[in-house]
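Participant: Spelled out from the first residue to the last, the chains are:
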Amino acid sequence: MRNKKEQNIEESFDVVVIGAGNGGLAATAFLAQKGIKVLMIEQHNLPGGVATSFVRGRFEFETSLHELASYGPKTNKGSIRTMFEDKLQLDTEFVQVPEAYRLILTDPDEKLDVTMPFGVDNFIEALEKEVPGSKESVTKFFDVAQEISAAFSYIGSTKGKPDQGVLMKEYSNFLKTAAYSVQEVEDALGIPKQAQKILNGYWAYLGLPESRVNFTLFAAMVLQYAELGGWIPTNRSHGFTTAFDAKIREFGGRIEYNTRVDKIIVENGMVIGVETTNGDKFKTNYVISNASPILTYNKLIYPKSEVPEIAYKDVNARIHGLTGFVVYVGLDATAKELGLTEYGYFIMNNMNTEDVYDSWTTLQAPKGLACVVLNNAVPDCSPPGTCMLDITTLYRAEAWEEVKPEDYYDLKTKIAEDLLINFEKATGSSIRNHIEEIEIATPATFARYTRHYKGIFYGYEPESWDSLVPRLMSMGKDVYIKGLEFAGGFNRRAHGYSSAMNDGVISAQLILGKILEEGGKA
Amino acid sequence: MSKKNDEKLEVTIKSNTKDLFAFTKLVPNRMKRIERAPSEPITKDPINDLARKLHPEKQFLIIDDIKEETKSTKTFKIVPDPESTTKELSYFRPGQYLSLKVDVNGVRITRPYSIASSPTDVTKGFYEISIKKEENGFLTHYLWDNWKVGTKIESSGPEGFFFFERLRDLKNIVGIAGGSGITPFRSIAKAIDECQIDARLTLLYGSSEEDDIIFYDEFKEMEKNNPAKIKIVHVLSCEEVSLEGCEKGFITKEIIEKYCDVNSTTFFICGPQVMYDFVEKELNKFNLPIKRIRREAFGEIKNILKHPDFPKEIAEKTFKLKIHIGGLSKEIPAMSTESVLVALERANLAPPSKCRSGECGFCRSLLISGKVYVNPISDWRRSADKKFNYFHPCASYPISDIEMKIPRNL
Chain Y
3 MRNKKEQNIE ESFDVVVIGA GNGGLAATAF LAQKGIKVLM IEQHNLPGGV ATSFVRGRFE
63 FETSLHELAS YGPKTNKGSI RTMFEDKLQL DTEFVQVPEA YRLILTDPDE KLDVTMPFGV
123 DNFIEALEKE VPGSKESVTK FFDVAQEISA AFSYIGSTKG KPDQGVLMKE YSNFLKTAAY
183 SVQEVEDALG IPKQAQKILN GYWAYLGLPE SRVNFTLFAA MVLQYAELGG WIPTNRSHGF
243 TTAFDAKIRE FGGRIEYNTR VDKIIVENGM VIGVETTNGD KFKTNYVISN ASPILTYNKL
303 IYPKSEVPEI AYKDVNARIH GLTGFVVYVG LDATAKELGL TEYGYFIMNN MNTEDVYDSW
363 TTLQAPKGLA CVVLNNAVPD CSPPGTCMLD ITTLYRAEAW EEVKPEDYYD LKTKIAEDLL
423 INFEKATGSS IRNHIEEIEI ATPATFARYT RHYKGIFYGY EPESWDSLVP RLMSMGKDVY
483 IKGLEFAGGF NRRAHGYSSA MNDGVISAQL ILGKILEEGG KA
Chain Z
62 MSKKNDEKLE VTIKSNTKDL FAFTKLVPNR MKRIERAPSE PITKDPINDL ARKLHPEKQF
122 LIIDDIKEET KSTKTFKIVP DPESTTKELS YFRPGQYLSL KVDVNGVRIT RPYSIASSPT
182 DVTKGFYEIS IKKEENGFLT HYLWDNWKVG TKIESSGPEG FFFFERLRDL KNIVGIAGGS
242 GITPFRSIAK AIDECQIDAR LTLLYGSSEE DDIIFYDEFK EMEKNNPAKI KIVHVLSCEE
302 VSLEGCEKGF ITKEIIEKYC DVNSTTFFIC GPQVMYDFVE KELNKFNLPI KRIRREAFGE
362 IKNILKHPDF PKEIAEKTFK LKIHIGGLSK EIPAMSTESV LVALERANLA PPSKCRSGEC
422 GFCRSLLISG KVYVNPISDW RRSADKKFNY FHPCASYPIS DIEMKIPRNL
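For the record, the sequence lines run as chains Y and Z.
To convert, take the position in the first sequence, counting from 1, and add 2; that gives the working numbering.
To convert, take the position in the second sequence, counting from 1, and add 61; that gives the working numbering.
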């Protein structure tokens with residue numbers, strides 16, 4: 003159905019934000035609060051990107067969030083809680099999830115079933131109990147992680163231009179671990195192999211094997227979970243993304259859903275406007291793209307001759323991350339009746355993370371799952387007598403490239419069945435005869451709703467060469483088109499809800515700085 | 062924070078020098094890698110291609126053939142419009158529907174119609190939809206007069222959740238259909254017949270007259286070819302019944318029990334609202350788990366005044382709707398007894414819509430001020446949408462003047 007011309011919008015904005023994912027929402031809210039005339043455009047009819055929810059029968063399912071790492075309790079607020087409560091005063095409600103994770107390894111020769119608590123000391127003690135003699139080295143891990151976390155804050159405060167002397171003096175362990183993988187550093191710290199297996203349970207949230215994922219990023223993440231706990235919204239991610247929407251409007255920001263950007267108009271290396279597929283024309287000198295650089299440079303910049311060669315090279319040099327596969331089930335029995343005592347289950351064949359990662363590159367049933375029983379954190383998230391479970395696994399999108407539409411539904415059902423069986427075997431719980439509602443999301447589903455390149459929901463793989471440290475320290479050097487910034491999981495803080503939102507604020511701050519410099523706004 | 066200086070932890074990975082050197086090389090090495098990378102644009106995205114094939118935003122179709130099924134039902138065979146960008150039809154799950162966009166006297170409206178053909182027919186290049194002419198339905202009268210071979214139709218991709226899901230449903234399925242509610246079961250039966258679905262279907266099909274029965278011969282044929290998997294029972298509410306093997310009356314508890322073991326069955330219901338009201342009362346007597354009864358969304362509530370909690374005092378009142386859509390703001394009238402979507406369509410301001418039952422959420426809009434009535438049976442809003450005043454116009458009725466922002470079509 004074509005829209006009538008009279009519905010088109012022709013207007014000037016200080017900033018146009020493309021995409022209402024976590025990064026776009028945070029950037030837009032920040033700018034709107036500062037009185038900047040900002041428009042956020044989203045091609046779907048909802049905010050959030052993958053941070054949303056959907057309703058089937060009596061159930062409202064969480065789409066993708068397992069827990070926010072940077073929220074924290076009132077007494078020890080993380081950056082996201084500070085943003086939500088103190089800076090934006092978003093109307094949201096969060097609760098803490100009960101335990102860090104239960105890790106179950108299913109290979110007969112690697113059998114393990116351990117539940118880890120929150121709190122750094124509790125975590126270290128629990129690990130010592132499982133692996134006697136690990137305490138000293140694991141304590142070192144957390145000490146180094148503290149230093150790394152402080153170093154990231156420092157680098158952020160210098161806008162990516164830290165003083166080398168300060169780094170050497172205050173953050174030498176950060177410097178010395180910055181170029182290494184998790185495996186390299188944990189081995190150097192002398193952490194027993196069995197303790198590494200348990201300590202590295204969260205690895206799948208970064209989506210890279212221990213041998214490849216950068217240590218500093220991983221350590222900072224684990225520390226944050228242990229210190230602040232994991233937190234989730236009581237009414238799914240849609241709860242806080244819609245709270246963002248309401249707040250942006252309250253601040254005077256404008257949002258257009260169901261509106262797709264066709265072109266970011268660039269002239270002489272500078273952003274001058276944005277056009278949408280239904281004919282809107284916006285004048286602006288600043289765009290924050292919550293779409294990936296892959297999509298932005300390859301599809302949105304107009305004319306194509308304005309895309310500098312280095313932008314294509316940047317996109318091609320970096321390795322895009324994973325997409326996913328999620329089975330959402332609404333069950334007609336309570337978690338207690340099903341013997342599901344934990345909130346979060348990591349179920350892996352083994353902790354050979356390279357092997358598990360490899361299983362995500364083909365269409366076999368994956369060897370690593372992350373599962374959430376939401377009712378164990380939000381008891382009333384589904385009607386009495388029911389509970390909700392989601393089983394998430396990851397894929398390299400390439401595994402799905404040859405799938406034909408006529409084989410698609412059978413394929414996803416088969417994989418979902420395998421995952422349900424794996425879950426049942428690992429937990430001893432009987433799920434399949436209690437399914438009242440089931441929905442299965444594949445890489446094509448994530449592509450459908452987000453239009454992200456290949457349906458990817460993790461950004462670029464944070465190997466050491468392209469992890470947070472070099473990304474943050476390249477800030478400013480990677481602006482290839484004047485007026486264009488990125489925000490979200492593909493950007494400088496890597497992926498994850500908290501990272502994407504914090505990144506959105508950084509991008510918004512950078513642009514606000516430029517607008518103020520120009521004297522365009524007081 | 063790091064420990065005090067006197068006990069400061071110092072880690073070494075390879076050697077002090079190597080570790081520091083590796084740090085200093087991080088940014089230059091990354092720049093080098095970027096400079097050395099190829100500069101070709103990326104033009105392919107097979108995953109988005111798959112997503113678009115499965116869920117096209119639009120399909121441009123054309124009527125290829127029309128068959129009279131009964132005195133009041135026609136089957137339209139529709140194929141890709143060769144003059145359009147639609148080259149192939151989207152695959153679907155038997156039981157799903159298409160939301161068709163129809164221009165009726167200059168007003169664009171949408172209607173969901175179940176796909177009556179089988180998924181393998183997609184590979185042969187067509188869908189079939191069967192439409193029953195409704196006595197009081199202005200749209201079906203329009204279609205009867207205007208839809209000819211060669212008429213172009215714009216459609217959504219396949220939509221809806223009314224399909225057999227083997228991870229959830231029992232292999233014995235009992236379909237309960239009334240009138241044109243048989244259409245999704247024709248697709249399901251064909252898929253069973255073609256071994257696309259591994260299930261056994263018993264269809265209890267209610268009709269008011271013998272000559273209202275749709276697909277009588279086709280089902281008889283499928284039943285004959287595949288007696289272990291497909292069975293149809295006609296339930297006729299008329300006085301005179303000449304067909305053999307029919308049940309008389311309505312689809313009651315007794316009839317249901319007669320044709321299946323209710324405790325090892327998943328029920329699928331599709332039909333007019335009056336049938337739901339009746340059949341649900343009958344099924345309730347079995348006290349089945351909720352998961353054993355699947356319902357197709359039945360479209361807009363026909364007579365909202367019938368619902369006891371609808372505020373009667375404002376019945377038949379006309380309210381003002383102030384609409385913001387893209388760059389346009391406009392005031393339009395709306396009756397309390399018609400959905401907000403209908404008022405918007407009449408004013409040619411329709412947002413995207415598909416299910417017209419409150420279920421799919423495509424028409425999700427922002428209520429800026431005023432009040433709407435939402436009946437619990439078609440309230441599928443997300444909890445945060447309720448909190449922040451987002452609503453589904455297809456399942457909402459204005460009960461005061463309202464101001465709202467609606468999305469445009471993509």
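No lab work stands behind these hints, which were simulated from the structure alone.
Heads up, the beta-carbon is just placed ideally off N, CA and C, and yes, glycines get one too.
Where hints are given, some of them may not hold.
What the hints assert, rightly or not - Below, a list of computed lysine-lysine pairs in the DSS-like style, where the Cα atoms sit at most 27 Å apart:
| id | chain 1 | residue 1 | chain 2 | residue 2 |
| --- | --- | --- | --- | --- |
| 1 | Y | Lys6 | Z | Lys309 |
| 2 | Z | Lys447 | Z | Lys363 |
| 3 | Z | Lys128 | Y | Lys6 |
| 4 | Y | Lys163 | Z | Lys193 |
| 5 | Z | Lys86 | Z | Lys128 |
Said to hold, decoys possible - What the simulated footprint calls covered on chain Y by chain Z, stretch by stretch (three residues with Cβ under 8 Å from a Cβ of chain Z suffice, anywhere in the stretch; the number is not a length):
| id | segment |
| --- | --- |
| 6 | 179-192 |
| 7 | 405-414 |
| 8 | 449-463 |
Participant: Please go over all the hints and tell whether each is borne out by the structure.
Facilitator: Evaluated hints:
no.: 1; hint: Y/Lys6 with Z/Lys309; result: 53 Å, violated
no.: 2; hint: Z/Lys447 with Z/Lys363; result: 24 Å, holds
no.: 3; hint: Z/Lys128 with Y/Lys6; result: 36 Å, violated
no.: 4; hint: Y/Lys163 with Z/Lys193; result: 71 Å, violated
no.: 5; hint: Z/Lys86 with Z/Lys128; result: 74 Å, violated
no.: 6; hint: 179-192; result: holds (count 8)
no.: 7; hint: 405-414; result: holds (count 5)
no.: 8; hint: 449-463; result: holds (count 6)
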